[in-house]
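Enquirer: Residue numbers (our numbering), protein chains in the order written: chain U, 249 to 286; chain Y, 254 to 431.
Since the hints were made in silico from the structure, they are not lab data.
There could be a bad hint or two in this list.
Claimed, not checked - Derived lysine-lysine pairs resembling DSSO-like cross-links, with alpha carbons at most 27 Å apart:
hint : chain 1 : residue 1 : chain 2 : residue 2
1    : U       : Lys261    : Y       : Lys364
2    : Y       : Lys416    : U       : Lys270
3    : Y       : Lys382    : Y       : Lys364
4    : U       : Lys261    : Y       : Lys335
Claimed, not checked - To be clear about the criterion: a stretch of chain Y counts as covered by chain U if any three or more of its residues have a C-beta under 8 Å from a C-beta of chain U, and this derived list gives those stretches:
hint : stretch
5    : 361-371
6    : 415-427
Every residue gets a Cβ at the ideal spot worked out from N, C-alpha and C, and that includes glycine.
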Amino acid sequence: MSATKSTGVPQWKEQLDVALEKEDKGAANALEYPIAEY
Amino acid sequence: MSPLSESVILLQTSTDIRTPKAGQILSRPESIEVAWWLPKSNLQFRLTCTAYLLPHPSHPSWTEFPAWKLGPNVEWEQERLKAYDALPRFLRASFCRPVPGSKLENPEDAKKWPNELPSRAEAANDKEKEQVDEALKNFAVLLLEPREVDVLELAAVPYLRTKYFKVDGGWTEESLVP
């Protein structure tokens with residue numbers, strides 16, 4: 249079994265955060281930032 | 254303090270509540286897949302999510318938004334208004350036009366549409382205030398709760414692909430063939 253389980257912030261979320269920071273905030277894509285924290 | 258468990262992640266974006274997409278989301282909110290390619294990092298994300306739509310309070314679907322689950326103490330309409338104000342001016346204007354995807358009988362009409370809209374506080378006259386009100390009627394916050402994420406790293410040689418999925422409240426990952 250190659251799957252590994254982790255707690256806390258998953259790596260994909262960290263990758264997404266970093267990648268979004270690099271994108272042009274004024275670009276006409278549908279994604280706004282920051283990620284919601286409620 | 255969030256009423257959600259720590260493993261719940263909500264991604265916030267927006268949409269026009271008049272679009273067919275919004276109706277599709279409302280009809281099957283637990284079967285939403287989103288694909289994003291972020292070119293500067295050369296990463297592709299495919300997210301399988303449950304979606305929650307937060308429209309204008311006058312919209313019939315407003316009562317379907319599960320505030321009780323996502324944040325009973327959150328002023329959700331204020332959050333929606335803040336999300337509108339945070340948009341770039343050109344994007345705000347897109348909510349003050351005919352329904353996206355509807356037939357454009359006369360292309361000349363498009364020249365009459367606003368190219369930009371101010372925030373609520375910046376609206377300087379009655380016309381702008383009417384346009385902002387119209388945009389706010391159509392503007393909906395879309396919250397996405399991912400339960401499976403497929404990440405493809407296209408900058409790596411060879412490509413790397415990883416699937417993340419939720420199990421028992423935590424995130425599990427496994428490598429996939431790209």
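Enquirer: Does each hint hold? Answer for all of them.
Expert: Verification of the hints:
1. This hinted pair does not check out: Lys261/U and Lys364/Y have alpha carbons roughly 41 Å apart, beyond 27 Å.
2. The suggested pairing of Lys416/Y with Lys270/U holds, with an alpha-carbon distance near 23 Å, which does not exceed 27 Å.
3. Taking the CA atoms of Lys382/Y and Lys364/Y, the gap is about 20 Å. The hint holds against a cut of 27 Å.
4. A hinted pair counts as satisfied when its Cα atoms are at most 27 Å apart, and Lys261/U with Lys335/Y qualifies at roughly 23 Å.
5. Here the stretch 361-371 of chain Y counts 0 residues with a CB under 8 Å from a CB of chain U, which misses the bar of 3, and the coverage is violated.
6. For a cut-off of 8 Å, the count of residues in the stretch 415-427 of chain Y with a CB near a CB of chain U stands at 8, and the three-residue condition holds.
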